[in-house]
Each structure stands twice: as C-alpha cells, then as structure tokens.
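These protein sequence lines are chains A and B, in that order. Positions in the first sequence are counted from 1; adding 6 to them yields our numbering. Positions in the second sequence are counted from 1; adding 11 to them yields our numbering.
These are calculated hints, taken from the structure and not from any lab test. Note that the Cβ used here is the ideal one computed from N, Cα and C, for glycine as well. There may be inaccurate statements among the hints.
[Said to hold, decoys possible] Facing chain A, from chain B, some residues (calculated, C-beta under 8 Å): (1) Q35; (2) L58; (3) A65.
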Amino acid sequence: MDERLVFGVSDFVAYLNQTLEIAYPYVTIEGELANFRVSKNRWVYFDLKDDDSSVKFFGTVYALPGPLEEGMVVRVSGNPRLHNLYGFSVNVQTITPVGEGTLRRAADLLAAKLQAEGLFAPERKRALPYPPQRLALITAGESAAYADFLKILNARWRGLEVDHYDVQVQGEPAVGQIVAAIAAANAAAQVPDVLVITRGGGSADDLAAFSTEQVTRAVAASRVPTLVAIGHEVDVSLAELAADQRASTPSNAAELLTPDRGVVLRQLEELRNDLGRGLTRLVATRKDWLISERRELDRGLQTAYQTAQSRLEIARRLLSAYDPTTALRRGYAIIRETNGEIIKRTMHLQPGQVVELTLSDGTATATIETVRKS
Amino acid sequence: MTKKEAFKYRDKAAELENLVAQLQDPDIQIDEATKLHTAGLKLIAELETYLKQAEVEVRRHVAHE
C-alpha cells in the first residue's frame with residue numbers, strides 16, 4: 007500500500023464517485039424488493055437483496071412503474087453513488103418488475119389503485135361517434151395491426167380522415183411515445199372525433215406498455231374519446247379498461263367504429279321501398295275515401311228526396327180527408343140559407359123555408375116541408 | 012307535392028265532408044239538398060283529378076328509384 011495515498015473523508019467520497027462514474031456509470035441490478043418506503047410523497051428508498059447481499063437504492067416517485075410491494079422481483083437501473091453522509095446507494099433511473107409472479111402482482115396493485123381512483127368507472131365512458139369523420143390512429147406503422155385496421159375500415163366505410171401517429175408499441179420507448187402521441191392528437195389543429203390505440207397480440211412483455219400507469223392515465227385523460235384494441239386472448243390491458251370503448255383486435259376496432267356500407271345500402275333500399283309503398287298507399291286510401299264520400303253524397307240527396315216525398319204524401323192524404331167535395335161525391339149535400347150561411351142543425355129550419363143545396367156536380371133550390379128533430 | 016297543393020287538398024276534402032254532413036240533416040229542403048249535391052259532385056271531381064295526377068306522380072317517383 008502506498009503510504010502517500012491518505013484521503014480526507016470528502017476527498018475519498020469524491021474520488022470514489024469519480025471512479026464509479028468511469029467504471030460503472032450505469033448499472034442494472036435485479037433482486038427482491040425490501041424496506042420499501044416513500045418519503046414526503048416524493049422520495050423513494052428501498053433495498054434490493056438476494057440470499058446473501060443487500061444494496062440500497064434511492065430515487066423519486068416518478069421513476070416508479072406503479073405501486074410496488076415488498077418481495078417483488080424488480081430490475082432497477084441507475085447510477086451507483088457514495089453519498090457524503092448516508093453512504094452507498096444506487097440513484098434510481100428506472101424500475102421494471104420482472105418475473106411472472108411479480109409482473110402480475112404489480113399489475114394487480116396498479117389496477118386496484120387506478121380502479122380506486124375511478125379511472126375505469128362505467129359512468130366515465132363516452133359514446134364514440136358512429137361513424138367518426140376524423141380519427142387519430144396510434145400504432146406502429148409497420149405493423150399488421152395498422153394494415154388490418156385500415157383494410158377493414160376502408161372495406162366498410164369511406165371518406166374517413168385518418169391521422170396516423172407512428173409509435174413503437176413495445177420496448178422501452180413505447181410508453182413515452184404512446185403518451186406523447188395521445189397528447190399530440192388531443193392538441194391537434196383538427197381535433198379527431200376518436201382516438202384509436204391498437205396493436206396485435208403478443209406476450210405479456212410485449213403488451214406491457216398498455217398496462218403502465220402513464221399510458222393508462224393518458225388514455226383516461228384524453229379529451230378525445232378513446233378506443234383501445236390490444237389483440238390478446240386472456241388479460242385485458244389497463245389502457246383498455248380506461249378507454250371509452252375497447253375492441254378485441256385491430257380489425258374489431260374498425261368494425262366497431264364504422265357501419266358496413268353494404269348493410270347500410272340494403273337498409274336504404276328497404277327504406278326507399280317502404281317510402282314508395284307508403285306514397286302509393288296514401289293515394290289509394292284517399293281514393294277510397296273519395297268513393298265513400300261520393301256514396302254518402304248520393305245517399306244524402308236521395309234521403310232528402312224520399313223524406314220530402316213521404317211528407318208530401320202525408321199532406322196529400324190529410325188534404326184529401328178534409329176535402330168537402332169528397333163527401334159530396336159520396337152523396338152528402340151542403341144546405342145553405344139564401345144568404346149563403348151553412349145550416350148544420352134542424353133548429354135553423356122551418357117549414358116553408360127556402361134553402362140552397364150544394365151537391366157534387368151542382369146546386370139546387372128547395373123548400374122545407376117538415377122539420378123533425380131526431 | 013308542394014305545400015300549397017297539400018293545403019288545397021285538405022281544404023277541399025274538409026269542405027266535402029262538411030257538405031255531406033249537411034245533407035244528412037233530416038229537415039233539409041230539397042232545393043238546398045240539390046244545391047249541396049251539385050256542389051259535392053263538383054268537389055269530388057276536383058279531388059279525383061288531383062288524386063289521379065298524384066297517382067301518376069307517385070308511379071313516376073317509384074319507377075325512377
């Protein structure tokens with residue numbers, strides 16, 4: 007050992023940090039999470055350990071992938087440093103849960119947290135325009151998802167404006183790119199009616215970006231209604247739960263967004279037929295009505311004539327019943343005094359009186375011989 | 012069918028209905044009934060002409076679809 011190499015404490019810390027920066031500027035360590043605590047909602051402290059060793063870590067909450075729990079296996083990247091007061095630690099840059107059990111647990115914890123915040127609440131869901139006029143498509147331009155979505159979309163409907171945001175849908179940059187694309191679509195000069203985020207199926211790792219807190223929150227916060235379609239078979243990603251609507255595949259997303267032109271055309275054809283039938287029926291109904299009105303009119307007039315006729319007949323009969331000439335024809339005669347007054351009783355007669363007789367066909371003058379009262 | 016024509020049809024149809032109702036009055040005078048009948052026949056002729064035209068129009072529409 008060189009006797010001249012004696013450090014002051016601060017010098018040693020500085021020297022060691024310098025050496026670390028050259029030798030191990032950035033390390034990635036995988037281990038079991040222990041002694042995890044968050045201070046002032048900002049600072050994060052934890053240890054990673056295996057059976058024999060333990061290493062201290064320090065970082066901010068912004069580096070967290072979501073809620074973490076003791077015992078999880080995580081992969082942490084960062085810069086190793088010796089702090090002048092608190093000793094050695096690794097300054098955390100990223101934390102990634104690894105191992106199936108840990109990933110699932112981490113996802114469950116995040117899901118529970120976001121659920122509690124109400125991000126997946128059914129009442130938050132907005133209806134998507136059907137069909138939309140302008141949509142933002144966030145997916146990898148080279149992917150089958152991109153091709154499938156556009157193919158089905160064009161087969162079903164035309165004239166839709168599609169703003170494509172080309173992003174990586176897996177790997178480290180995916181989360182940042184997707185979040186940025188959601189923000190860009192929301193801030194676009196021509197705001198789309200709907201935002202479609204899609205990718206095909208893949209392993210749990212491939213789909214991880216769509217279950218991160220950042221992407222899920224960005225989807226939930228989007229002012230433009232969202233449709234998230236991540237092709238997979240078992241698990242639903244958190245971004246899909248936060249979306250206004252989810253679809254099972256990119257093709258399914260296109261189907262949900264647009265009606266089938268063929269079906270719409272057939273419906274239009276049916277409507278057109280109905281319309282024609284309705285018009286024809288209207289005219290037919292009115293013609294029928296006119297015919298029945300004509301009948302009523304004739305019947306009305308006929309009835310009026312019949313009524314008048316029968317009244318006339320009654321009057322005629324009454325007239326004839328009171329007609330004095332009818333009685334004269336039957337053999338009766340009217341006796342009048344010479345002054346023309348009709349004599350109806352014997353008390354107005356006396357023998358020798360001259361009276362005028364009126365018969366059916368003429369008159370006569372007679373002298374009364376005797377008067378007998380009956 | 013323009014709005015004006017539709018209105019005219021409705022008015023004439025109402026007039027005809029009113030006229031038929033008047034004819035059903037048992038105390039109506041014959042000359043009044045005859046007058047109403049004549050007016051009714053005239054209205055029916057007008058409405059018939061209108062409907063025939065409408066029918067031709069409808070056929071033309073339906074055929075052109």
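Hints and how they fare:
1. Q35: holds (6 Å)
2. L58: Given a least distance of 5 Å, the restraint on B:L58 holds.
3. A65: OK, holds: B:A65 within 8 Å of chain A, min 5 Å.
Every hint from the earlier list agrees with this structure, and none is contradicted.
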